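J.: Kindly generate the complete structure, drawing on both the sequences and the hints.
Number of protein chains: 2
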Amino acid sequence: MLQFKGLTKLADFRPKRRAAVFAAIEPGKASAVVVSHLPNLRYLCGFTGSNGVLLITGRGATFYTDPRYDIQAAQECDCAVKVVTGPVWTAVARDVRRKRLTSLALESEHLSHAQWTGLAREFGKAVKLVEAKGVVEDLRAVKSPDEIARIRQAVLLGSAAYESVLEAVREGMTEQRIAAEIDHAMRLLGAEGPAFETIVAAGKRSALPHARPTAAKIRKNQLLLVDMGACLNGYMSDMTRVAHIGRPGGQARKIYDAVLEAQLAGIAAVKPGARCMDVDASARRSLKRRGLDRFFTHSLGHGLGLEIHETPRLGGKVESVLKPGMVVTIEPGVYLPEFGGVRIEDTVLVTETGVEVLTPTSKDFAVIA
Amino acid sequence: MLQFKGLTKLADFRPKRRAAVFAAIEPGKASAVVVSHLPNLRYLCGFTGSNGVLLITGRGATFYTDPRYDIQAAQECDCAVKVVTGPVWTAVARDVRRKRLTSLALESEHLSHAQWTGLAREFGKAVKLVEAKGVVEDLRAVKSPDEIARIRQAVLLGSAAYESVLEAVREGMTEQRIAAEIDHAMRLLGAEGPAFETIVAAGKRSALPHARPTAAKIRKNQLLLVDMGACLNGYMSDMTRVAHIGRPGGQARKIYDAVLEAQLAGIAAVKPGARCMDVDASARRSLKRRGLDRFFTHSLGHGLGLEIHETPRLGGKVESVLKPGMVVTIEPGVYLPEFGGVRIEDTVLVTETGVEVLTPTSKDFAVIA
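Protein chains in written order, with this note's numbering: chain A, 705 to 1073; chain B, 705 to 1073.
The set of hints was computed from the structure by calculation and includes no laboratory data. Here the structure is a predicted model, which is why all the values come from computation and not from measurement. Accuracy of the hints is not assured; some may be wrong.
[Stated by the list, open to error] Here are the simulated DSSO-like cross-link-like pairs (lysine-lysine), alpha carbons at most 30 Å apart as the crow flies: (1) K829(A) to K786(A); (2) K733(A) to K829(B); (3) K786(A) to K720(A); (4) K829(A) to K992(B); (5) K832(A) to K733(B); (6) K1021(A) to K837(B); (7) K975(B) to K921(B); (8) K837(B) to K832(A); (9) K733(A) to K832(B).
[Unchecked claim] Covered, in the sense of this in silico footprint (three residues per stretch, anywhere, with C-beta under 8 Å from a C-beta of chain B), are these stretches of chain A: (10) 860-870; (11) 965-977.
C-beta atoms are modelled at their ideal positions from N, C-alpha and C, and glycine is treated no differently.
T.: As structure tokens, this is what we get:
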């Protein structure tokens, strides 16, 4: 199960990615790009440790890290590696001066202001620091075939864990216990861990979109919402399903059917060239026909990959368009504070011609006996 | 087991903490302090969600968050709460202008440079932004009685989980499986989760201080290093133990005994007024007597509490002194690349007169049959 064979190595894509990052800065604006955000490092040079800096110039890339990662960096990185004692940034600064680089594009959304001012002080007037925002993130939005294969694996693993635990869920179990069993099942199937804190919320608590599992026992006639994902080989999955303890009444079924209809409408709107805001609107329009759109209080979805929330966001004001190779969630919800909430979420792939739903788990309204 | 009764509420300490943070900025340097780092928010106003800003002036404190946390913020915070739609920082900026504050001390280590420049643009010349570094962190280094009680609980829970899993460990289990079982045991005992990614490293891999658990099966005649902690009610614990699969040979026993001796020397040096560097030196001196100090390649320990790494660091160049109420780890290690590594780590409390070891787990060299 969950085998994974015959794929091009991720490393094959990395030199192109680094070249694309360098090309993305305006000519003349900076003579090098410096990357330190960990998911971006993994994407650009393969490093999976916790400390490093990548310097990309027009002539190539060098990765700097500390002696803890000596062996690991040599194994993982497909570019030049320098292992340095003392602060990594100091070594980078030394090389920047030696190479006579006069301007650097830095990830201003990921460096703290204290780090930035420290670097500005270190370089003085010799090197200009330029704010680069979202350069690597924009590139990461379109996944390579190998990344898609890895996300597919994470999705399958997450679904397998959910389905195995759901079979064992019984009235009287606590939300916390169910969450713990899901996380454990993912680990036993080979995941590094959950992609985010697993949400298990029963009854009225299912109306809180960011509920944390509590010690409350699940009881008859409650909705049971589970929002979960796996992290496998660095890539994330994300799925939400809602079950019912005992046979659902009319209200629960009505909401469930409306959310499912909206989710299918959202999925149907996914295709290359579609604007994110229009995909969001498709699901919202569907709920409006049932008079439930005002209870859908968040965006329709988000990209995912090496992080659980990536570009693009499928929100009401996002004008950017979907491209083949993007992987996003479609997750409308309806939340009635005194009753409970339903959210249904799949991870989907934008294909050359439309959409492929990666999540295999049934969307029938599951009943827990 | 693990009961927790009759304690003063953590909230009782918070108004004093907020006053101390305001008092810590130099008079005249800033007219308000703005806090947004999540552990600092939890410490100062009780909020445990994922988005908010706390504005502290000489006249009191206001906490700003978004509508997702409407109910939660009202329940958790012991200061004024404003729930705002749209970006939280925009609402804070509006109030700063309305209150005619002319300078703000901001957490420059926790705000990204992009956030900082965005705020600077928003305020223009009307409001001066001042870099505040480590103000709340320094305060957090000395724990209140209630925080100590919570850390004590996290420590007991971590030890209980470790001991229950160690009993079940057998030759042939994978590092990943053992890590998964430890994490699961902590969750079943009530933890929110592991305090950090649990380290399980066997054989030569135990010589990597930051090893990640692999699919390698543990075998006879290997060292088995486990470095783990629990997060319970927001507070962390941290412990390392090393066992041996089968009866240890002379080399393994020699290293184990040397590290244990060094760890006890480190603990014996902990007392109010001791400099961090001197505590570190005590353990290092002990290893030197065995000719093993050059294999001890990291600092002796670190503070912990709401985060796993806090002030103070017990490192060779840290001149600050220990104070009653500080909670730190003592964790010397010896790493022989071709053989394996031993690290022994307890969480300890600096008392009025010396030290109390909180970790109850035996430090005898455990043998797995």
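J.: Does each hint fit the structure? Answer for all of them.
T.: The hints, checked one at a time:
1. K829(A) to K786(A): holds, 26 Å
2. K733(A) to K829(B): Status holds; Cα separation ~27 Å.
3. K786(A) to K720(A): holds, 21 Å
4. K829(A) to K992(B): Judged against 30 Å, a Cα distance of about 46 Å means the pair is violated.
5. K832(A) to K733(B): holds, 29 Å
6. K1021(A) to K837(B): violated, 36 Å
7. K975(B) to K921(B): Judged against 30 Å, a Cα distance of about 42 Å means the pair is violated.
8. K837(B) to K832(A): holds, 25 Å
9. K733(A) to K832(B): Distance of about 29 Å is within 30 Å: holds.
10. 860-870: Violated: only 0 residues of the region 860-870 of chain A have a Cβ under 8 Å from chain B.
11. 965-977: violated (count 0)
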